[in-house]
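Peer 1: First to last, the protein sequences are chains A and B.
Residue numbering for the first sequence follows numbering that gives the first Met the number 0, beginning at 0 and increasing consecutively.
Residue numbering for the second sequence follows numbering that gives the first Met the number 0, beginning at 0 and increasing consecutively.
All the given hints hold, so there is nothing to weed out.
To give a feel for the contact side, a few chain A residues facing chain B, derived at Cβ under 10 Å:
1) A209
2) R246
3) N248
4) K253
5) A255
6) E285
7) N294
8) L297
9) R299
10) M303
11) P309
12) R387
13) G388
These are computed hints drawn from the structure, not numbers from a lab.
Even for Gly, the Cβ is constructed at its ideal location relative to N, Cα and C.
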Amino acid sequence: MKKGEKIEPGLAARWQAEREKEWRKALRRQLSVQKRLTIERQPMPEQPPEERIKNFREVNLGYSFELAMAEARRCLDCGNPGCVSGCPVAIDIPTFIKYIEVGELEKALEKIRETNSLPAICGRVCPQEVQCEKNCNLGRAGKPPVAIGNLERFVADYLCLREDRNFQERQVNEVCAGGEKIAVIGSGPAGLTAASDLARLGYRVTIFEALHLPGGVLAYGIPEFRLPREILQAEINYVRSLGVEIRANFIVGKTASLDDLREAGYRSFFLGTGAGLPSFMNVPGENLTGVYSANEYLTRVNLMKGYAFPDYDTPVPRGRRVAVIGGGNVAMDAVRTAVRLGAQIAGIFYRRTRAEMPARAEEIKHAEEEGVKFNFLVVPVRFIDDGRGRLAGMVLQRLALGEPDSSGRPRPVPIPGSEFEVEVDLAVVAIGQSPNPLLIKQLSGLKLGRWGNVEVDYRTMATSLDGVYAGGDAVRGGATVILAMGDGRRAALAIDNYLKNLQC
Amino acid sequence: MNRVLVSERLVPNVYRLVLEAPEVAVSARAGQFLMVIPDSRGERIPLNVADWDRERGTVEVVFLNLGASTRKLASLREGDLVEGVAGPLGRSPDLPVSGTVLLVGGCYGIGGLYPLARELKERGNRVIFLAEARSPAFLYWVERIKRYSDGFVEFFRQDCLEAGEELGGLMARIKREQAEISAILVIGCSYLLFRISEAGARLGLKTMVNLNPIMVDGTGMCGACRVSVGGRTFFACVDGPWFDGRELDWVEYFDRRKAFLREEEKALARVESEFWIKRGERR
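My request is simple: use the sequences and hints to build the entire structure.
Peer 2: Rendered as structure tokens:
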């Protein structure tokens, strides 16, 4: 079984049964395939670039009710849907879209939440273009795919925020009062998903979070202009409402060891500790003031609200000429943040070309609209000191694409003698991160891979330690929110099996 | 949220807080630090663990009232809450199995070194404690520390300014009188760490300094605290904060500590204009 493949047996049959229900049949008859094919894909309303570069509010504004209905009608409700096989958490996509079409938004949300506790987040940050939307059958008719992500987000926004306003009054679920105790380490997407699935299965789940706010990379990494904090808060409150307890400022491996938790009665563990270790390039001058890891830069802005300094105490460096090194989503987040913090020039410096950039198409598009300059086939070989320990510029070397490397992408080869200088006063290194070693390095017997990642059996997410499971970036290095959630989901099922077998 | 159980001004600019944090108290060890967040808009700042009480579930910090965050902490009263306490973080230093250890504590570092003096003494080491302060009025915890030291030396700024001994000379004298010294451990301001490291290098003594670079998360996630030791880059929060000061790139260390100097002034100005007024109103 490959990474991110289907979880449960019998799902396809359940989806088919849903599709055969009378209301679905009637709906299909109501509007012919021909008519459905004539509806254009509804564009996502956006804040105009010249406005949004001056604020940290969300760029995508979300569908209105009318836009969502129109988009839902584009879905053909096909007999052999391609979308569902592309979803790492196996959402019954056609069913939730058809519920939108008939205006039953509560039922649509319920359907999504059967397999996904964080729809408002996934609707925003999932790379739908390479997952569900990639295999949409509309493509065969030469049409753009149904905007599944936009619809998911619409349903979630429409209901979750409203629900969240009543959160205080809602009773924390008491079904789990008698269940076994399970510890989830890390409150990022993998941990939140594992925790909510386990709580639904009747376990008493505690999430231990090292930072002072829950959310992991959703809180410290992803900027507010992609994921507003009240949305994140609402989703986390939903997880809490399932009976999950979240302990912030608790660093497992420091505040208490895994063995301490075992002694405190926790029977099984899920390690969702993320990829918190930033990579640097190890070139001269990298420790000058003015050179930051993307993790530091984004954490200052997102988690600590540095953009609101001095109302918030944590400052964030504001550069005039900003260079972000890297070509992934983190690099896009960093460079777009720099634009919003008032940079005169903000540029991406990437060692391959546009075609090889790992960032999502939408992020690249948004960055371009916001005036970000893209520099390809270059790599910094040295950072230049202004004589007082501050960054003044960098020496870049030009590269050419060579033979494919182990990742299948062409290897960038340095061109000798091609070095040149650029003036920059802020550089952000966004070339990737590896699994956070703080906890996993101290667990003796835990098998790690060559990048320091936790080795697991991808079917169950079981590690080499009995009763200890892992998922998300701790396992994958730097992947996506939704793959982490798929891991959390598979691990929850496996933990349930593990504990049931122990009792027998 | 963690409750303040004791808030005390030890000397004119050094404060002590006893905070409720039962899990942290259980795991705290000498030489480690905590991340403390004063309030919901506050920074995460690293403070040395100055003591703990496992039964009562409390930890103590001693800090210099210097910038916006420490101003906020210094103004807390018994019963107030801080936004968060996380830890214990960092590694405790490798302590020599036997022999004499020279502890050098300056300013707030006297508090941070106290648990190390206690641990060393209980392990059977000989402990010489050198306390550095502006003047006798800035010295605190003397009796407490003397209980765990075999020698107690004071060093004041006036000694430096006037005809008195210089730190280097004092160190050499201590080395002569205490032939068995196997290591020096230092907590205090950067300048003290630097000076003692110089002296340690001259005397050929291993000099472990407790670095205090700018940090954000304190758990190895951001790299704000990177330092160069022996030509390699380390994260002070997880690889340190104890390093051999003889091998540190001090120029880089001083530069990086100054990265946000202007912003620090600005934050302090805001806190002083708004925060203290609010405090005044409440009283």
